[in-house]
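Colleague: So the protein lines, in turn, are chains A and B.
Heads up: the first sequence runs through residues 1 to 102, numbered per the numbering used here.
Heads up: the second sequence runs through residues 103 to 849, numbered per the numbering used here.
A few of these clues could be false.
[Said to hold, decoys possible] Taking beta-carbon pairs under 10 Å as the criterion, some of the chain A residues facing chain B (in silico):
{"no.": "1", "residue": "Ile-18"}
{"no.": "2", "residue": "Val-21"}
{"no.": "3", "residue": "Thr-23"}
{"no.": "4", "residue": "Arg-24"}
{"no.": "5", "residue": "Arg-25"}
{"no.": "6", "residue": "Ile-30"}
{"no.": "7", "residue": "Met-32"}
{"no.": "8", "residue": "Glu-56"}
{"no.": "9", "residue": "Ala-76"}
{"no.": "10", "residue": "Val-97"}
{"no.": "11", "residue": "Asp-98"}
[Claimed, not checked] FRET-style restraints, in silico, Cβ to Cβ:
{"no.": "12", "chain 1": "A", "residue 1": "Ile-12", "chain 2": "B", "residue 2": "Gln-811", "range": "44 to 54 Å"}
{"no.": "13", "chain 1": "B", "residue 1": "Arg-822", "chain 2": "A", "residue 2": "Ala-84", "range": "28 to 38 Å"}
{"no.": "14", "chain 1": "A", "residue 1": "Ala-72", "chain 2": "B", "residue 2": "Phe-846", "range": "50 to 60 Å"}
{"no.": "15", "chain 1": "A", "residue 1": "Ile-68", "chain 2": "B", "residue 2": "Ile-828", "range": "19 to 29 Å"}
{"no.": "16", "chain 1": "A", "residue 1": "His-5", "chain 2": "B", "residue 2": "Val-812", "range": "54 to 64 Å"}
No lab work stands behind these hints, which were simulated from the structure alone.
Bear in mind the structure is a predicted one, so any value in this text is a computation, not a measurement.
For each residue, glycine too, the CB sits at the ideal point set by N, CA and C.
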Amino acid sequence: MTLQHYLVISAILFTLGIFAVLTRRNAISILMGIELILNSCNLNFAAFSRFMTPPEDISGQIIAIFGIVLAAAEAAVFLAIILAIYREFGSIRPDEVDTLKG
Amino acid sequence: MIVPLISIILLCPLAAFAIFGLLGLANRRFPRQDYLSTVAMLAALVCSFLLLREVVPNPEAHTVNWISLGGVTFSMGFYLDSVTVIMLIVVTLVSSLVHIFSMGYMHGDPRYPRFFAYLSLFSFSMLFLVVSDNLLGIYIGWELVGLCSYLLIGFWFEKDSAANACKKAFLTTRVGDVGMFIGMMMLFTKFQTLSLYGEGGIFALAANLNTGDMVWLSIAGILIFCGAIGKSAQMPLHTWLPDAMEGPTPVSALIHAATMVAAGVYLTARMFPILTETSSLVIAYVGGITALVAATIAIVRFDIKRVLAYSTISQLGYMMLAIGAGSYVAGLFHLTTHAFFKALLFLGSGSVIHAFHAMHAHGHDDEHAHAHEHGDHDAHGHEHGEDSDSGHILGSEIPADQDMRNMGGLRHKMPITFVTMLIATLSISGVPFIFSGFWSKDAILGGVLGRAMEWNSVHHYILFIMALSAAGITAFYMFRLIFMTFFGEPRNQEMHDMAHESPKSMTVPLLILAVLSLPVVNILWFNEAYVKPPPQPHLHAPQHAYISPDSNNTVGKGYTVSLFGVSEAVAAEEEGGHGTDGTHADDGHHGHHGPAHTIAMVLSICVAGLGIFLSWLFYHRRTLSAESVATTFRPIHNLFWCKYYFDEFYDGVLVALTVWKARLFARFDGSVVDGIVNGVGVVTRDILAAFTGAFDNRIVDGLVNSVAQVTWAVGGRIRRIQTGAIQTYLFVVLAGIVLLILIFRAL
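The shape of chain B in the complex, shown without the other chains (with noise of 0.2 Å):
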């Protein structure tokens, strides 16, 4: 059965989009694309369903060779196990809720059909990375939907800041994307092959290296971490998200918070076999500090689409952190929740954006529902109350119906996105038991403290205290967001009396969102027969890794035994150090590792209720002045506000760089290239050429002539002999025989 549903769930995105292309080349429709594609989806959602019940924990492997090379075979196959079903029905769910959000939210769009295929296009690409067992498969998904994301966040490329967007997301995530064709490549030359699973997989041979070769391990596994880097927009490749908001909202909500970006988390953990103590630090510092720095930043933002962004950057660090910590369970249980809440908030942004625009669409526009979006900006739009000196630095200006500056009492228009995005900022703030970002925010920051104190490491401290940090940041902001969005007075009254509830089919993915939001989704993580996290042989405890060289050896051997079977102690301390973090999460805490997510359960309550009654203060009560503090903390407030000048170091030193070394290189091509080019073609023409020319007129031409002149000036003689007479030829007969006589007779 698992075959046959895994081709179903595949083949009907594609299909979809199949149509829409084929029919596209002869310049045909299909009729309601729209519908086709969703109903796609919907297929694809249940068959997603069906295999929840078909898997076992037993994972299952079903490939087929695909190409020979030389003594070389890539295989394509599907790989199966919880974690698999787990993303297959996070994506084609959300994917089918974006689908029918977008019915209502596209409506009018006049590219309204393409962009349900591309949409159908990326559900096919991002289940197909989902369900390889190879990298090479994975490495193909991987850029189909990178391909995606350049298609939709470019979908009105009308705009040149959405142009320029999709641009910027693909050359950003490709820089990161070199490291990861670079890791494979590693990988591959050293096991000749790309499969991950079974006998002759990476894996299994991973596991049977020995530790002179963990160097080469790390830098592999960081080069391939490089790719997520990328894709999941981490520092210092973060930069490219918070523009991809350019695109449609639905397509921020599916590809840029819930799927796409998680793809890279989903490969990191996909990895976690092959993760090295090394490796491990370093993705759990990237995650770390890219999940402080992006909520940082998150905190001033104004367009509320942007605010998300950089919450899913952060929220997207702190998948990478538990991963890198080892918490493989807890990082997965995060994406999932994380993918529903903060689709949910997409939605619910887009959904008040909508509210806005049909006001614009009735005030400016009939026809064209999305004119603001295409850069018809309002003049209160660009108020700025402050800093108005760096808002040029901040590079693009804010469209008006995206401005939180423009909202303000939505709760009472817009009462079903209110409600349900405030589920969802509950969620992601870590409100306490009945909401899922709670459990598995705090499974992270268990995990990551458990680990600082089995290890006793300096290392996870800081981590935990980055993600603490990071949580009482996130509770901040986002209700920050909350309340300039739908608290408070009307700031712009005529933008307020136009704003409205949206239809049916943007309220009905919101609700069922919120539901998700809720820990519904807690089951599937909580249920640790169904989810169990891979052993990594390579990583150890820093005092086995430490006390003496020896001892290290032993222990290394002791590991290679077999990947899947390691022995008793290792796998106990395995359990310990991974199993536990997320899936005993709630029904208490056993072993050493009860006090640490103890701790770490009333640190975040603690953090996230302070970043709560924080926000309170400055945004509802207004007791603080955001503003006074923003004048006191001004360098600190700068910082923020421009986004820690990433985009100014790239544009003036990267950009700039390649752009002098473009110009060097083209003076040199001038200069150098085409003089010597040049040259070549003067010497060529002047000497070479005037050479061979007089050779040729001179030599040739005058042997040629004066075979002809000789030949004739010889005829010309000789022709006289020829008088016609006969009596002479007769004469000269004559003396000839008597010539003849006379030297016969000498004889």
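Only chain A is shown next, with the shape it has when bound in the complex (with noise of 0.2 Å):
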């Protein structure tokens, strides 16, 4: 397994992530999307740790492990969002919710 392997590895997930940020309608699925690019920087945060720099330093892998608290607690506010959003609106499409539409 080497660097290029992880890399790629990231690159689709990144894709698949902005692919379903771009293309679901449904706020939920988006919040899918946005979780795997998050996690594809944490793999990539992870694996330029394993093989760029020395193996005493893992600042690296911490940084991915405060990113996936990170996304914990971003998933916490976008769900709360999304349900004041859907008590709002009676809907979770983003596309319906418009009203700051110029």
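Join the two chains into one complex using the hints; note that each chain is given alone, in its own frame.
Modeller: Dropping the structure here:
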């Protein structure tokens, strides 16, 4: 397993995430895409930390753990917002929530 | 003592007027304005008499600087010499008597207090004019008396004739005043001062002018004399004075006989030192012609006041003639005597009119004593026995109680009025020795004849003949007045029955003036040390002036030594030329003027006697018929009756010309000026405004609107980008990033 394998996996994950964010009509699905993008980043951090730095330096992997924690917190906030939006508009489709449109 | 006395003299009448004016502002009235004004005038009279003792023969001037403009300072001040003091006494005395007379005459008039206030203002103005030492002060007083004359002629302004007369008087005198002002300005440009006396005064400076300036000085003198022509009603500006008789009779006596009209003579006398040969001759001729012409007009008048008005014009002409002929003292002497006897004649006629007033007041209008003056004419007032065809040319209908054809036989009804008026008439006619008018008139005649003989001048012989004829005619028409009014049978029995002697307030002034018509005033004038004529440095006898330019020059230089210190020879000649005229009239005649005065005296007695005799034949004995003479000499009679057509000339030529010119200008105004203005308006509105309007609408608005439209359109397009769909935005962001990456890769 070389660094390239990890990076390719990460790129596939990132692209899938982008695709989900751009194409999904459901806010939950979009959240899932975002989670994929975040995890691809985490994977990059861990991969670079493993292959590009000395073994005793694990700061990259620690940042990946921080990223997972952050993703959990972000998911909680996101879901709370989705819930509030659903109560307000009766829908969680982003294209129907357009009251700020100019 | 002099300054306080003059201040009192000036301030008393002014205060009387000011009290009326200030209370008038508050709509209040001093309870007895008549007493206030009269007392103020009497105080001024007393002060004038005190001044008589104060003033020594040496003139005194008291001046203060008044205004400084640039480098020029105008001063105000008094100049007191014997002439000033005599004028002060004449003015205050006549004014006081007229005040007293007016208390009776004006009694019951609705504007009684105002009349006295005006009299006070007039007295102040006249006194101010008299004491001023500079032309500016004289001019101020001059205009003020003109204003008062205007106010008092138009005192009964309800009458159209009075309202017109006061306008006429004001405007006619203004014509002369313009000339006077130009003359003043000429002197001012030359000398940079308007002060007359002292080192830097006009007289001192004018004495140093050389002969080259004589034409200029003559013109200035004649222009200033123009003011006197207007004010003293000389030909050809005399027409206002007869019309001024529309004013109350005391006003006629005070302003239009004794004082204001004499101001012109006074001014001319004041200007005596700058008179040149030419200007003197002009003055003399104007005076002489006026004296003769006015006297002939007076012959045929029937209105008692108009007779006196023309008589006044004639006598003023006499005074001008005297001053023009160099008889300074005689002219002023006649001014004094005339002031008294003419005031007496006017007040006497006022007394007669008043006697008829009362009749009217009882007969027609109990409340209004002056009802007739306001146009309530009786039918018999219009009975013109003759010349009904020219009656309309006369212009004014004679009020019944001023028409001498309604009078007659009044001497029994009004003895005091009769006797006093007779004295005045004898005085003005020049009846010898016991009447003042004889002495003053003889002084003038003697002076003119003396000048004629001395210079062997044809001009002065002509002037003498004019003056002599005027004297004869004067005697004739004055006795015509007396005979028609006081002698014979009453012509109008109804009016005669109602006539009565006037109250004491009116007869007492008459008696005092009668005393003054006797030669008591002569004392002042016959005192050589008291009145001295000023020298005339630019007036030479013709033989000096005409022999050759060289001798003329030397003479000119001889005179330029100084104004008041003329060389011996000149002084002697001046004495000969002017001094003897009036001053020596009493104590015989010396020098080469003796014959002149004797001849003049004999001739004047003859013509006066002739005039009186003819008048007696015509109007008392009725041996001769005035009507038949009038018919025989109809053209001449018409000329006199129509006053030489002066009014017609002015109406027909000057007034018509002015009106025509006014119409022309009105038409010019209406067509050309209005046309230009309207044309400019039309051009502005229809062309310029349309153009700028279009520019505004199309270009300015177009720019603004198109900017807005472009913005609107662009905004409308760009708006679409803002879909509100987050995913679109994200897609754009992603596409941007991809694009950037591609760009950076390409680089």
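Colleague: Against this structure, judge whether each hint is valid.
Modeller: Checked hints:
This hint holds: A/Ile-18 has a C-beta 7 Å from the nearest C-beta of chain B, less than the 10 Å allowed. Checking A/Val-21 against chain B: minimum C-beta separation of about 6 Å stays under 10 Å; hint holds. With 10 Å as the threshold, the beta carbon of A/Thr-23 comes within range of chain B, its nearest partner Cβ sitting at about 8 Å, so the hint holds. Hint status for A/Arg-24 relative to chain B: holds, with the closest Cβ pair at about 8 Å, below 10 Å.
Nearest Cβ of chain B to the Cβ of A/Arg-25: about 9 Å, under the 10 Å cut. The hint holds. Taking 10 Å as the C-beta cut-off, the interface hint given for A/Ile-30 holds, the closest approach to chain B being about 8 Å. For the restraint placing A/Met-32 at the interface with chain B, the shortest Cβ-Cβ distance is roughly 14 Å, beyond the 10 Å limit, so the hint is violated. A cut of 10 Å between beta carbons decides the hint on A/Glu-56: the least distance to chain B is about 35 Å, and the hint is violated.
Because the beta carbon of A/Ala-76 sits about 20 Å from the nearest beta carbon in chain B, more than 10 Å, this interface hint is broken. At a threshold of 10 Å, the smallest CB-CB gap from A/Val-97 to chain B is about 8 Å, leaving the interface hint in force. For A/Asp-98, the interface hint holds, since its Cβ comes within 10 Å of a Cβ in chain B; the closest pair sits about 4 Å apart. Between A/Ile-12 and B/Gln-811 the beta carbons are some 51 Å apart, a value that agrees with the proposed interval 44 to 54 Å.
Judged by the Cβ atoms, the range 28 to 38 Å given for B/Arg-822 and A/Ala-84 holds: they are separated by roughly 29 Å. The supplied range of 50 to 60 Å is broken by A/Ala-72 and B/Phe-846, whose beta-carbon atoms lie about 35 Å from each other. Separation of A/Ile-68 from B/Ile-828 is about 25 Å and conforms to the stated range, judged on CB atoms against 19 to 29 Å. For the pair A/His-5 and B/Val-812, the supplied restraint of 54 to 64 Å holds, since their beta-carbon distance comes to about 57 Å.
Going through the hint list in order, the structure does not satisfy hints 7, 8, 9 and 14.
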